[in-house]
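2 protein chains.
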Amino acid sequence: MFDQKMLEIGYSQSTIRDLYTYGLARKKEIGEDKVFDFSIGNPSIPAPKIVNDTLVKLLTEEDSVKIHGYTVSPGNKEVRDVIASYLNKTFHATTKGDFIFLTCGAAASLAIVTKAFVKPGEEVITFAPHFPEYRTYTEAVGGVLVNVNPDKDFFPDFVDLEKKITSKTRLVIYDSPNNPTGAFYTEEVIKRMASVLSKKEKEYDHPIYLVSDEPYRELLYKGEEYPFVTNYYDNSIVCYSFSKSLSLPGERIGYILVNPNANDVNDVYAVICGAASMLGYICAPALFQHMVPYVLGHTSNLEEYKKNKETLVTALKEIGFEVVNPTGAFYLFMKALEADAEKFSEVAKQFELLLVPSDPFDYKGYVRIAYCVSYKQIVNSIPAFKKLHNYYKNR
Amino acid sequence: MFDQKMLEIGYSQSTIRDLYTYGLARKKEIGEDKVFDFSIGNPSIPAPKIVNDTLVKLLTEEDSVKIHGYTVSPGNKEVRDVIASYLNKTFHATTKGDFIFLTCGAAASLAIVTKAFVKPGEEVITFAPHFPEYRTYTEAVGGVLVNVNPDKDFFPDFVDLEKKITSKTRLVIYDSPNNPTGAFYTEEVIKRMASVLSKKEKEYDHPIYLVSDEPYRELLYKGEEYPFVTNYYDNSIVCYSFSKSLSLPGERIGYILVNPNANDVNDVYAVICGAASMLGYICAPALFQHMVPYVLGHTSNLEEYKKNKETLVTALKEIGFEVVNPTGAFYLFMKALEADAEKFSEVAKQFELLLVPSDPFDYKGYVRIAYCVSYKQIVNSIPAFKKLHNYYKNR
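Protein chains in written order, with my numbering: chain B, 16 to 410; chain H, 16 to 410.
One or more of the hints may lead you astray.
Which copy is meant is left open, because identical chains are indistinguishable; a pair holds if it fits in one copy or across any two.
[Stated by the list, open to error] Within a straight-line C-alpha distance of at most 20 angstroms, the following computed DMTMM-like cross-link-like pairs (lysine to aspartate or glutamate) qualify:
1. Lys401 to Glu361
2. Lys134 to Glu154
3. Lys81 to Glu23
4. Lys402 to Glu239
5. Lys215 to Asp78
6. Lys183 to Asp18
7. Lys20 to Glu137
8. Lys42 to Asp78
9. Lys64 to Glu76
10. Lys214 to Asp249
11. Lys134 to Asp18
12. Lys332 to Glu233
13. Lys178 to Asp282
14. Lys332 to Asp168
No lab work stands behind these hints: they were computed from the structure.
Hey, can you work out the whole structure from these sequences and the hints?
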């Protein structure tokens, strides 16, 4: 009677959320500070002060009916225009508010874009290891997810990318900095990607949409310039969320942006609006829409993530672990000490370390460590990582 | 290349939103108070004070990381438990927090429930005239929407209901009070509906889920007791939104509730969780989740809607219009003065009256008037209604 796939997802929720739920229960059992939960990208660094200040200001000074009222489906037009100006100034881009659709965050954006462009049997390409939900949204519409292998530094293997694109390829999705590796795609990478896709668009004579999923766009630790995809490829779409940059993981506010230079841009935007309606997405939360113009360009204190990252990377390397040195986001990708990452993650639980096995990221033999936790947790967890390493050395 | 249906929805957005968008533009042209926009259920009565007070209190007194942090996908468990207790106390029900899933509002809830239970070719029954999006969500998953005719008072025709249920029927959806008629389904109506469905469940030997869509549950003007569906039918699901009762139409907070007595209730709940994941719904907006326990049982000032309703109904009847006397919600269903309600709605625009033709509600010859506007607009619009009536009398 029920769809088995849906039922399965419903029961397991996902390895990450299972671990997180386990962590919540375990903390109640043995105490909050005894469990080293690195499972979920739930920043423990507070939102910048301007977020709550703005919300309070809107709630106390503005007309309640306006602040909580409907906007048009794609979101308040002035807000969208302000976002476009901000992007144009920051990234020397040429975006337009007319082609922005405010959404209930990144998950919503990705689900909408996938629904909009992918029919049953059609293909979505992404780069392993990747955010697990790319698979969920692709399969939800009957599509097929195709993985491109990474090179040794966890950048796309372009030879493999070229091989994997077929006449059925509708979307190519990437996130940079990457979840789970923290790898940041330089301008060089984006240019090569655009060049492969342009060639293939000509070959197959139809658009292949390049979707840049950018929740971690601002989480860069070396002051790198972010290569904004619309500057490099016409048929490009940006999915953005304020959840990570502003430490608002539980809030639902983000946007989909269509490159104004996309072929048949009005149709592309309309099909996104249509898909959103069909999935029940109308009018992103109004209060948070109105907040956006005040907080653009702000981030939570990145120095704290940087300190976490450096302390943890140094400690793990000293202990003897092999880690991918991340340049962005707040994830560390660490090689498991046995081939089966799920087993390794189970063993880590014995030491109260909650590490996400890499399998749901379509990659074997690693764990993801979300280091967006308190510095105290970083420091206190190091002995547990030592015990974990010893366990494997001695068995 | 694009899905034509999706493109169409994307371009038109819906008659209601088109009218609303037209109204926004028209107001800019000729002045806010010159346009009598009755198109959209966007309350112009402010949220009860406790809403903004609670939000400000949470933002200023609570830990920002907690307030904006992830919850588990179905929502904060304590919040869900509080909702269950409130429902049990208010409606003598036996609901449980374990079977509540917090969502981004009513549209989300309906889209999720439809995705969860309806496969391509399967049927959803609803009662004409009905909320247009029932069709959108049904067709989005490849299902077929089947309309049951109303009786003369706009209650379900039970003979027709019985005829329309087939082996393919998965869901029966109703909203009470109804959008667009304002009709309130008494206990008697719910009991008869339950009785027909129970008979048919036995006949076909599988569950038929009765979905009560309840955004207007609290908007009753005669102090009627609300017959809570889980008390009358085991395989029942409630979709609730705080948008209308609390005047928060632009915010996205609501829930799906599964009757704990439903057959295989764990599977039913899991398939809803799975469908939500697939559609990109994870963790309803956190700040608003945390607000819920403080505002349960509160509503915006219903006396204002009541005054609007009475003034408008009296005036329209005096002018000579035929209206369905609404007992709840904030909609008035008025007979058009020509057979084609779309044409009638176009004519009404000449008098700056924005009235939604009944066609998108799968019903002919009426218009919907959303009277959740300022009392001033009600009073000022009356001469325009007179002119509209005269126009038809004299042509």
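> Between the shortest in-copy and the shortest cross-copy C-alpha distance, which are at most 20 angstroms for Lys134 and Glu154: within, between, both, or neither?
Replying inline: both (10 angstroms within a copy, 15 angstroms between copies)
>> Regarding Lys42 and Asp78, is the shortest C-alpha distance of 20 angstroms or less found within a copy, between copies, in both, or in neither?
In response: between (42 angstroms within a copy, 18 angstroms between copies)
> Using 20 angstroms as the alpha-carbon threshold, which applies to Lys20 and Glu137: within, between, both, or neither?
Replying inline: both (19 angstroms within a copy, 18 angstroms between copies)
>> Checking an output row: Lys332 and Asp168, CA cutoff 20 angstroms. Within, between, both or neither?
In response: within (17 angstroms within a copy, 75 angstroms between copies)
> With identical chains treated as interchangeable, where does the CA-CA distance between Lys402 and Glu239 reach 20 angstroms or less: within a copy, between copies, both, or neither?
Replying inline: Answer is neither: 36 angstroms inside a copy and 64 angstroms across each miss the 20 angstroms cutoff.
>> Cα distance capped at 20 angstroms. Does Lys64 pair with Glu76 within a copy, between copies, both, or neither?
In response: Both. Shortest intra-copy (18 angstroms) and inter-copy (13 angstroms) distances satisfy the 20 angstroms Cα cut-off.
>> For Lys214 and Asp249, with the copy left unspecified, which applies at a CA distance of at most 20 angstroms: within, between, both, or neither?
In response: This pair counts as within: shortest intra-copy Cα distance 13 angstroms, inter-copy 58 angstroms.
> Quick one: Lys134 to Asp18, C-alpha cut-off 20 angstroms, is that within a copy, between copies, both, or neither?
Replying inline: Result: close both inside a copy and across copies, 19 angstroms intra and 8 angstroms inter.
> Under a CA distance limit of 20 angstroms, which applies to Lys332 and Glu233: within one copy, between copies, both, or neither?
Replying inline: Result: close neither inside a copy nor across copies, 26 angstroms intra and 60 angstroms inter.
> For Lys183 vs Asp18, is the C-alpha pair at or below 20 angstroms within one copy, between two copies, both, or neither?
Replying inline: Answer is between; shortest inter-copy Cα gap is 15 angstroms, intra-copy 25 angstroms.
> Are the CA atoms of Lys215 and Asp78 at most 20 angstroms apart within a copy, between copies, both, or neither?
Replying inline: Classified as neither; 52 angstroms inside a copy, 50 angstroms across copies.
> How do Lys178 and Asp282 come out at 20 angstroms by Cα distance, when the copy is not named: within, between, both, or neither?
Replying inline: neither (29 angstroms within a copy, 41 angstroms between copies)
The structure fails to meet hints 3, 4, 5, 12, 13 from the earlier list, while all remaining hints are met.
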